[in-house]
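Here are the chains, one letter per residue:
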Amino acid sequence: MKQEIIYTPLSSLRHPKKLLREMWQDLLASRELAWRLMVRDINSQYRQSLLGITWAFLPPIVMATGFTLANQANVIQVGKTDIPYPAYVTFSTALWQTFVEALNSPLQAVIQARPILAKVNFPREALIIAKLGETLFNFAIKIFLIIALFVWFQIPVTWTIILAPVAIIHLILLGTLIGVLLAPLGLLYQDISRGLTLITGFWLFLTPVIYPVPKTGIFGTLVNFNPVTPLLVTARELATTGNLSQSTAFWIVSIITFIGLILTWIAFRLAMPFVVERVG
Amino acid sequence: MTYLIVENVSKKFCRNLKQSLKYGVQDIITEITGKNRNSDKLRNGEFWALQNISLQLKPGEALGLIGANGAGKTTLLRLISGLMKPDTGCIKVRGRVAPLIALGAGFNPILTGRENIYANMSILGLSTQQITKRLKDVIDFAEIDTAIDAPVQTYSSGMAARLGFACAVHIEPDVLLIDEVLAVGDIKFRMKCYQKLAQLREQGTAFILVAHNPHVVLNVCESSIYLAKGNIITSGNTADVIRAYEDDLNMVTYSESESIMYLPAKPESESMGVDITSLCFKDNQSEIIPTLISGQPANLAIHCKAYQNVDNLNIGVIISALSGQNERILYITSASDNELIQIQSGAVEIQMQMPYCCLLPGLYNAKLYIKQGVQSLDIVQSFRFAVKANQVISQSLFYQPHTWKVTNTPSS
Chain R
37 MKQEIIYTPL SSLRHPKKLL REMWQDLLAS RELAWRLMVR DINSQYRQSL
87 LGITWAFLPP IVMATGFTLA NQANVIQVGK TDIPYPAYVT FSTALWQTFV
137 EALNSPLQAV IQARPILAKV NFPREALIIA KLGETLFNFA IKIFLIIALF
187 VWFQIPVTWT IILAPVAIIH LILLGTLIGV LLAPLGLLYQ DISRGLTLIT
237 GFWLFLTPVI YPVPKTGIFG TLVNFNPVTP LLVTARELAT TGNLSQSTAF
287 WIVSIITFIG LILTWIAFRL AMPFVVERVG
Chain C
7 MTYLIVENVS KKFCRNLKQS LKYGVQDIIT EITGKNRNSD KLRNGEFWAL
57 QNISLQLKPG EALGLIGANG AGKTTLLRLI SGLMKPDTGC IKVRGRVAPL
107 IALGAGFNPI LTGRENIYAN MSILGLSTQQ ITKRLKDVID FAEIDTAIDA
157 PVQTYSSGMA ARLGFACAVH IEPDVLLIDE VLAVGDIKFR MKCYQKLAQL
207 REQGTAFILV AHNPHVVLNV CESSIYLAKG NIITSGNTAD VIRAYEDDLN
257 MVTYSESESI MYLPAKPESE SMGVDITSLC FKDNQSEIIP TLISGQPANL
307 AIHCKAYQNV DNLNIGVIIS ALSGQNERIL YITSASDNEL IQIQSGAVEI
357 QMQMPYCCLL PGLYNAKLYI KQGVQSLDIV QSFRFAVKAN QVISQSLFYQ
407 PHTWKVTNTP SS
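Residue numbers (my numbering), protein chains in the order written: chain R, 37 to 316; chain C, 7 to 418.
Check before you lean on any hint, since a few could be wrong.
[Claimed, not checked] Calculated pairs, DMTMM-like style, for lysine to aspartate or glutamate (alpha carbon to alpha carbon, straight line, at most 20 angstroms):
{"no.": "1", "chain 1": "C", "residue 1": "K28", "chain 2": "R", "residue 2": "D227"}
{"no.": "2", "chain 1": "C", "residue 1": "K198", "chain 2": "C", "residue 2": "D146"}
{"no.": "3", "chain 1": "C", "residue 1": "K98", "chain 2": "R", "residue 2": "E58"}
{"no.": "4", "chain 1": "C", "residue 1": "K98", "chain 2": "R", "residue 2": "E40"}
{"no.": "5", "chain 1": "C", "residue 1": "K24", "chain 2": "R", "residue 2": "D227"}
{"no.": "6", "chain 1": "C", "residue 1": "K394", "chain 2": "C", "residue 2": "E67"}
{"no.": "7", "chain 1": "C", "residue 1": "K18", "chain 2": "C", "residue 2": "D46"}
{"no.": "8", "chain 1": "C", "residue 1": "K98", "chain 2": "R", "residue 2": "D62"}
{"no.": "9", "chain 1": "C", "residue 1": "K64", "chain 2": "C", "residue 2": "D180"}
{"no.": "10", "chain 1": "C", "residue 1": "K139", "chain 2": "R", "residue 2": "E68"}
{"no.": "11", "chain 1": "C", "residue 1": "K64", "chain 2": "R", "residue 2": "E40"}
{"no.": "12", "chain 1": "C", "residue 1": "K202", "chain 2": "C", "residue 2": "E178"}
Think of the hints as simulated: they come from the structure by calculation, not from any bench.
One chain only, chain C, in its complex shape:
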């Protein structure tokens, strides 16, 4: 069973308002007279906002839509929700589609929160009986217990957004279209939203998620589509798609199709004595691993070429999240671990061993340096790697290695 099939769908728009309105009237007249709109051809001043888009969505699947502003992401969501007709191709929907596009659509500022919940949720397609049943959950989720009978115009913008989100997720649809709305509220509420989304997903709800922050998409969706100017550039595994997107954004210039990063060899005259020649991650069997997995062992293998014996090497690894705000996540140095690294001249492999990778799924950047005392011997500015997860841990901030133990005390 498939909830949604989109086949070769295109949509055209017109930038000039007067012309656009005129075409609108033309289209209405041809539609009413039952004639063919010839919608597969562009009229003067029109352009393709979406072209030949195909995708499928099965229950419990989450699909990310990535792309710059104006790439056609919202247009695609609006076509799927049936707000407008496609110009070519067809869209088949099975089940209830709820848009999380319209947070608080139809909120009337004069009416109370409670009244607005009823109005909003019935616009989204619930019967009064169903709303009454879910009312308490909605109020609890939005955390506006005390303000529920006050007019919505007295709410803070965060409260109104929370109420809107609470209404939308309690519709419990088959397909949820989420358009960059998860940026509302404080961090605590955002975590709660993700939690709710994960819960819905376990119940079989399928998602299409649009977000500017690729980190969000990476945490929620396994597969993604990268749209640019109305065309699908790449689709598939989210980490790959995001890489393609970020490459296009010129965020990173180097391709990560290989899991080993080789650094150009330096002539001995430029070397400070120790050069990093390559970087990669290995597992405990010394096999190279292309992507790290949260909770699994990962060893950062640093290959060096040493021209001399060094006995007090200090290696620093600084890891920051590529997506999001580029926050620094880890700062590890061998010196602060009181580890004196001794190497002999020749080829050396130094491993920074992590029995558990505690990073969350995402893309990361590692900066490395090798120092001897205060003197810097070599620096690698950027080694990018991706982390995936085998289980859903997106609601956590990091991976905590753990086991469970049960001790039964038999009753005498």
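Bound conformation, chain R alone:
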């Protein structure tokens, strides 16, 4: 006997057990679909392009070149960094971009998939997971750039580098958390995607990407309250010196991210039928 699915007007939260069971089933069901979608997106992303995966390398290099030149000319004043400045900027930019990608991709995914969302009932989780995979794939390409950088600048590494991926995954999950939270709203209102572009531009300046972590002033406080700071700094420190300056903040943000991610997932599931109803 096949399982019966019942649709009623009542909130799915009334049956939390059933909701959790469905979430688990959909997560399992979306594995293969997510893989398909990821392969499809990555394939089509690079097929109509001459430079192909070079596009993953270019932004951090361009950014690093710009800031290095500005730094050398004393146009901007950044403090002393643990590793040579060009490597510092390139590595941090790669991390930051991965975060921004994770942040933007859930919204992009649902907007792209809008015509199918309105017509086919498939596990919506697959869209998010596919984009998560794409973010990881793009970061994996950037790793080659980072390795080349480390070799070129002869940056010493410690054994902690094998833990760096953990911090990077937490960073990606934080971006995903915010992205998934905004995705249903962003499908309803275009303001969300516009606002997101604006905010990420500003957010970059509150994150120690092109400068080391400031210790004093209002700016220092702002940067330290930025949840991205501990994740990004820890990832960078694990990959280089191994001396962790923000491990407490790192775990606080990580735990909030994990709990938040599950709650956001529930909210996303509950919200999607209403969004599809309005935009389909």
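Position chain C against the provided structure of chain R, taking the given hints into account.
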């Protein structure tokens, strides 16, 4: 066992976009906080797109949804596929529901046909293994053998639609929701689609079919629902439902609850000598038959009142399909049959006897005339009748009477 039960389902919509989005956010917040949406009440600016709809679907059943644009047909299909939540009532689904609404949903123009088959069919819920197994069937069905490794953007629109249809029907779902997609492709491909649908149905797949062309519904579904402004107007036997729908469309003004059509008597002064008084179909036992059955005998009985003896009467019967393009299907005249009809004054019954009704199931209109030489004596513009079938013949263009015979030659 029932695949689908819809009980008292209603759905409301809002025409104003800004307001609709605002209500959307409100609904999301109440849903997330676990409160009651009070969805059975209309808010300012909302209207019922569907109201108190109930239906059931069993394996192998085919249900037609008929109605004008905006009647709520697509909304009903979307509720059944679980894309949105009902505002009242409940929907119970057992088994896999596949929408044939989204032909080529998720086709990426840059990727090849093959890659798109994988993506499309996994969105519709198949595993990679299952897709690989069916890949050849899909390609064969879509008839794009040579183009399968070319990007979909190089396909003609017909090819893309064929590929989409091929993907959807090879999911082999329990319930297939078909929303006016059968209009794609050329006539040859359409016939193939119907064939495939008939085959799925034999395997137990249930259908809900939405079509503007009632002829399509009549060929596929025994029972139908006529929706107007979100309400069920009539449901039941497809031919009756279509009649109700067409009556509402003012396509035909006369009700066909009776199987005999009586024509108003004319005073003798207006008569041309022979008047048709009534029309009906009779079987070989002279019993009146309300609907014709493909392959069965049917005799068109024309009752006349003659004021004089006529010995060279010519009777013409022109039958056209009511549904579809109103194409003329038959043009029969007694004169071209070299049949000289002689009648005497008084009441006469003339029969046009058809040993086999070769028409396909559908609604038809017969136009009749009686002539003497070139002079027209009486004309009936419209006599409507329905044809049903006892067996599935919807894949044929007409009914061919036939028998089978086996001759064995015993080996010595």
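Each hint, compared with the structure:
no.: 1; hint: C/K28 - R/D227; result: holds, 14 angstroms
no.: 2; hint: C/K198 - C/D146; result: holds, 12 angstroms
no.: 3; hint: C/K98 - R/E58; result: holds, 16 angstroms
no.: 4; hint: C/K98 - R/E40; result: holds, 7 angstroms
no.: 5; hint: C/K24 - R/D227; result: holds, 13 angstroms
no.: 6; hint: C/K394 - C/E67; result: holds, 17 angstroms
no.: 7; hint: C/K18 - C/D46; result: holds, 9 angstroms
no.: 8; hint: C/K98 - R/D62; result: holds, 18 angstroms
no.: 9; hint: C/K64 - C/D180; result: holds, 10 angstroms
no.: 10; hint: C/K139 - R/E68; result: holds, 16 angstroms
no.: 11; hint: C/K64 - R/E40; result: holds, 14 angstroms
no.: 12; hint: C/K202 - C/E178; result: holds, 11 angstroms
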